[in-house]
Every structure is written in C-alpha cells, then in structure tokens.
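Protein chains: 2
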Amino acid sequence: MAYQDELNTSRRYLMGPGPSDVHPRVLKAMATPLIGHLDPEFVDIMDDIKAMAQRTFQTQNHLTFVVSAPGSAGMETCLVNLLEPGDEALICIHGLFGGRMADIAERCGAKVIRVEAPWGGPVDPQQVKAALEHCSPKVLAIVHAETSTGVLQPLEEISRLARESGALFLVDAVTSYCGVEVKVDEWGIDAIYSGTQKCLSAPPGLSPVSFSERAVEALEQRKTKVQSWFLDLSLVRSYWAGARRAYHHTAPVSAMFALREAYRLVLEEGLENRFARHRRNHELLKRELEALGFEFLVQPDYRLPMLNAVKIPEGLDEAALRRRLLDEYNIEVGGGLGQFAGRIWRIGLMGESSTPNHVNMLASALRAIL
Amino acid sequence: MAYQDELNTSRRYLMGPGPSDVHPRVLKAMATPLIGHLDPEFVDIMDDIKAMAQRTFQTQNHLTFVVSAPGSAGMETCLVNLLEPGDEALICIHGLFGGRMADIAERCGAKVIRVEAPWGGPVDPQQVKAALEHCSPKVLAIVHAETSTGVLQPLEEISRLARESGALFLVDAVTSYCGVEVKVDEWGIDAIYSGTQKCLSAPPGLSPVSFSERAVEALEQRKTKVQSWFLDLSLVRSYWAGARRAYHHTAPVSAMFALREAYRLVLEEGLENRFARHRRNHELLKRELEALGFEFLVQPDYRLPMLNAVKIPEGLDEAALRRRLLDEYNIEVGGGLGQFAGRIWRIGLMGESSTPNHVNMLASALRAIL
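Chains A and B supply the protein sequences, listed in that same order.
Under this note's numbering, think of the first position of the first sequence as 1, with each following residue one higher.
Under this note's numbering, think of the first position of the second sequence as 1001, with each following residue one higher.
Hints in this document: simulated from the structure, not taken from any laboratory.
Predicted model, so just to flag it, every value in this text is computed and none were measured.
This list has only true hints and no planted wrong ones.
Once the Cα atoms are required to be at most 27 Å apart in a straight line, the calculated DSS-like pairs of lysine-lysine come out as: (1) B:Lys1111 x B:Lys1129; (2) A:Lys111 x A:Lys223; (3) B:Lys1111 x A:Lys225; (4) A:Lys286 x A:Lys311; (5) B:Lys1111 x B:Lys1223; (6) A:Lys111 x B:Lys1223; (7) B:Lys1028 x A:Lys28; (8) A:Lys223 x B:Lys1223; (9) B:Lys1225 x A:Lys111; (10) A:Lys138 x B:Lys1225; (11) B:Lys1138 x A:Lys225; (12) B:Lys1111 x B:Lys1225; (13) A:Lys223 x B:Lys1111; (14) B:Lys1129 x B:Lys1183; (15) A:Lys111 x A:Lys138; (16) B:Lys1225 x A:Lys223; (17) B:Lys1138 x B:Lys1223; (18) A:Lys225 x B:Lys1225; (19) B:Lys1111 x A:Lys111; (20) A:Lys225 x A:Lys111; (21) A:Lys183 x A:Lys129; (22) A:Lys138 x A:Lys223.
If you want the ones that stay clear, here's a sample from chain B, every Cβ over 12 Å from chain A, calculated: (23) Gln1060; (24) His1062; (25) Leu1063; (26) Gly1086; (27) Glu1088; (28) Ala1131; (29) His1134; (30) Trp1187; (31) Phe1275; (32) Glu1290; (33) Pro1300; (34) Tyr1302; (35) Pro1313; (36) Glu1314; (37) Ala1365.
We treat Cβ as the ideally placed atom computed from N, Cα and C, and that holds for glycine.
Produce the complete structure using the sequences and hints provided.
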C-alpha cells in the first residue's frame, strides 16, 4: 500500500495488550462531523464524560477529567503535578510500567525509592512497610494491573500504609479500569490514571485521570511550576472544571465523541456485569489454553482476567507463531516485554474483545497451527 | 443532553481558529475498525504518514513524525528536546503563542530572551538582529502564523540571522501548514511543529513535527535527560524511525487513519492549488466583510489568508452576536484571545472550511443579523 492508495486494513481481532476491539457504536460516534472545542454543546459533552469517568472510577472527586493524550501521558500528568525537585517518591516496581513511573519521577527531580518484586508476582505490603521505615515519601505509587506481566496487585493494605505515612497514593489503572473493580474513594486512592484502549474499548489516545482533594491540595501548595505546560493541571483544570471554560489546548473532539459512547456502553452493561464477563471469559480461555499445554505465568490469586500471561512451551518459535495467527487468522496476541520478551504471550480479553467467540477463535486457530 | 442519551450534536460550519470542517472521507477512514499499533500494516501507515509529512513540510528530514497529542504538545516536544537548563533561548513574541513558547522554555530551565512586537504586526528582523548582539542563544523561536492575531510572519531573514548566530531555528507552523508555503529545507528551519485541525482539516489531537540534522545533533549532544518521558525524542524516534519499531506508547490508531486520509486529500489537490484556494477565499471574505463595515486588524502584507482578524465595530455586543451565529446559523467564528478578547473576531477559512460557500453563508448571516 503506497500513500496514494485508499486506506486498506485487514479486519483484525485484537487480543493483545491493547488496543482492544471497538464497538461499531463507538466508531459511528467518532465519525460524527466535528463541532468546536469551545462550543456549548462540546462543554456539555465534557460534562457527560466527567460524570461517567466519576461513576466508573467510583469517585466523587471534583478533579476528574481526561488527558488529551495516551495513558503514558496520564502517568506523566500525575507525577509531574504531584512531585517537585527534592521530593521523595516511593515507587513499587513489579513490571515494566512501574519502572516507567520511576523513570518519570526521576525526570521530575524526585528522589526515588524503589520497592521491587520479581516480575510475575505482586509487591508484598511488608516490603512497602519496611521501606517506609527509612523514608517519608510525598507520593507512593504502584501499578494495579501490570500489563507487562498479567499481575493484579491488591491495593487496600498498601493504601493504608501510604495514608499512615502521610504519602499520596498514586495508582496506574490503565489495564484494570472497567475490567475489574477500581474503587477510588473506598480504597483511598489520591491520584489515578487509565487509558481508553483497554477494557473501556475506545480508540487509544486519551487518558482518564482523577485527583482526590488531598492531591489537589498538594497541587495548590507547590512551590515550583509544573515542568510540563501541556500537562499542568493548574491550567488544564480551568478548562475541565472551571466556571468559565478557559482555553488551554484544542481538545481532541472526535476522540471525545468516541469516549463518550464507550462510557455509555460500559454503564449500559453495568460495572458488575462487565467485571463478571471479564472473569467468565478468562476462565474459558484458561481451560482452552491449559488443554493446549500452555501454563500461566502468574499464580491464580493474582491473575488478571483481561490480560493473560502464558509461558511459551519449549521449542516453539513464538514470533513466527504470532505472525501466523495474524496473517492466517487475523488474530493479534501480544508478545512479552522487557525480561519476558520471547518467553511469554500476553493474551488480552479486554472490553469488546472479551467474548466467548474471541476465546473460541483463538483456541481453534491454535489447535490448527500447533 | 444527559449522558444516558445518544450523542446528538448540531451540524456546525467551523469558521473559527480550528478545528475546521473535516472531509467525509477523513471521517470514514477514522471509523475503520482498529488494528494494533504494532501491526505490520500500522507500521506501513506510519511510513505513509511520514512520507506525506515530509512532502507537505517540503523537507527531506529523516526525523519527521507525528506527536500523539495536540499542537501544544508539539510545541513542548520541540522545546523540551532542544533546551537544557541554563541554555539561552531567544523567543519572538507577537501574540499569545509566542508567549506560550517563552513560558515552556522557562519551564525547561532556559534563560529566555524575549523579542516582543505589538500584537497585530510581525516581528521586525532588525529587533532580532539587535537582540543577538547581546546573547548567543541555542534556539531562536518564532510563530509563523499567529493564531491570536492573524499575522503572517516572514521567516527567511530571521532564519539567516539564526544561522549566522549559530542558533537552531524553531518555527510554530500550527496555522500556516498546508494553507500557505512552509518550506522547511529551503528556509533553513531546524525544528517545526504543526497541528492537524487547521488547514490540514483532520480532527484535533495530533502534531506533525520535523527536526533537521542539526537539531538531531543537538538532541544527541544533550548532557541531561529530556524532562518529559512522553515527549522524549530519543525514545519516540525509535518508534517512528528505528529499524525495529520499539514500543514507546500506544499510538492513537484511529486518529492516524484520519490523518493519513487528510494528507491524501492535500496531496491530491496539490500544495500550490491549496495555497491559491486559501488566498482566493480570503479575498472573497475580505470584500464581503469590508462591505459590512468590518476592518482588518493586520496590514495587507502580513495578513493570514486562513485566519482573518477583524475589529468589532463600535457598539456591537460581539459575544451575543457570535452566539446568534452559532444558534441561528450553526456558524462558529472565533473571539479574541488575551489583549484582543472582546475586541476582534477571528474568522477561519481553513482547509475544508475554505470555500466560497462558507464565505457566502457567513456574509449572508451577518447581513441578516446586523
């Protein structure tokens, strides 16, 4: 395909770590002719999105909004707004994305204390407790669903430790959001970010974020300017939450149309039903994969239902196999990242890709190929 | 409209400072079911987009790519990658967006030298020459088309001054790109960024960027890490231009489908034809507006064809009038920003919104209302 030619893509089934399949209603909403980003109708749409972000994050946080860039920019938004040079940040690392948080925190000039756990398991709260005896961080950060390993990290005990130590509790919910419980208020989360292309099943490019009152106070008490103008919440919040919507940047209008529709689909299904569906299809996939000889990387109690990390059986050329799945069956599954590159697959059952049909298609294709 | 309801927007005619109207082919391409951001087919799409960005920027620059966020993030990308703490940056300011560049450069820890001209006119190269006698900046930055004032800034003489002083020449082409000549190589531009929602007529949310070899060398000779992880070109470039496309962040797949189609439309029309169309419709609008008693803010030699800044006649309630245009005619025009708030209108004739029909609709509506 040369650029002179019409766009001509294959019809894929997206079962990797994101993006996931997108409902036709979301694609249709996205193709709506544009309105201006300061149009009164667009302000209403932003209000709708904010209300639905609050419901899905299970929070009353006033400062709940959407960063006009992908989940990694949501991560950076939380860190650059909460950290100033010299602040201590305790970062829990049990996969690639915890490491990314530490990298960004260091770029903020923070003193980073790393609490590391082997990839493939969760962080033990006792490790966090021990680390807190030697520091008093402003921010304690952790990934809820490690997309690089398939681990679901329990949060409540670590949240309590953060609160007792006076730290703000920052959570990466990119992959967990809208697929398993994420209870921002009940779990005492002070700052949280996600992405749109996982269990929410909107196209990639936006990052829902929520800040508690304590996080907003920390923002207001900063001594230095936020190092990023684009992500500076003292500016962004007057666009999202100000009495008069002050121009900051031009919001991605079409992507917001899509996000609004994706949220409507989530709320029509209901959060509990959606979580149950993700668990159910995970169980189905598990039975099929184990029958084929695949082993899960993660112990049962900590497995993510929407991101299934399985070890590659000995002797398989995993890259060639993934390529055959894509070329012959139009099925995308994810390879490993970092230390797991070439050693695991990451099979996503996220949002619209979490159906028995997806599981059956993949299992049948694997049976035929293997 | 509550969020339970289906998306239900009015059919607007977008004649403000962006977004502009989007061609149905672009909306249709955007609604294509998604493929993965590391799919070989998506890598081809990125290559297509890069090739078309090079053609429209009129450059051979290898490091030509698209930031996964709006134009303001493109601005920040250029500044955070080229500036390190302590560097001098000479920023020309003749409107809001020059001021934004200075703000961001200061957040990079740069020592900012401001060369300011009254809003509504261009910066005089003699001012730049005088300032260069007292500093030796690493970066000399200027806005080509000031969206806040409607001024087209001549660049060639200032580019020569930058080169003689050893500075990298950074240009904001958000509003000029694909509407008037922007010759990156011929004009000696070292770093340039634009947006998609102006004369390119794609939805907002992406920022095409190009770096010259000199700019890439400066990037490679940095002593400190780029303060933004998300915008760090030492990471982003291996996703866009590396032999193996390394995962950095999840690209906004649907927005890239749309951008590819918008570029195809630009190249099918041809750059020269497109520039001529923008000039022609500007002339038509000028005659209509002057017949209605509006005066242009900017002297004829420096007027932007795609963004027409006109003074509000005495005694008109401009906000009420803009609201009537929107409510009764579905026409959006832009108000003033900063010191021009309430004093000017900014009428956009950008990309798909630059047609005689748009001019005629607006002129007829104004004749009926005034």
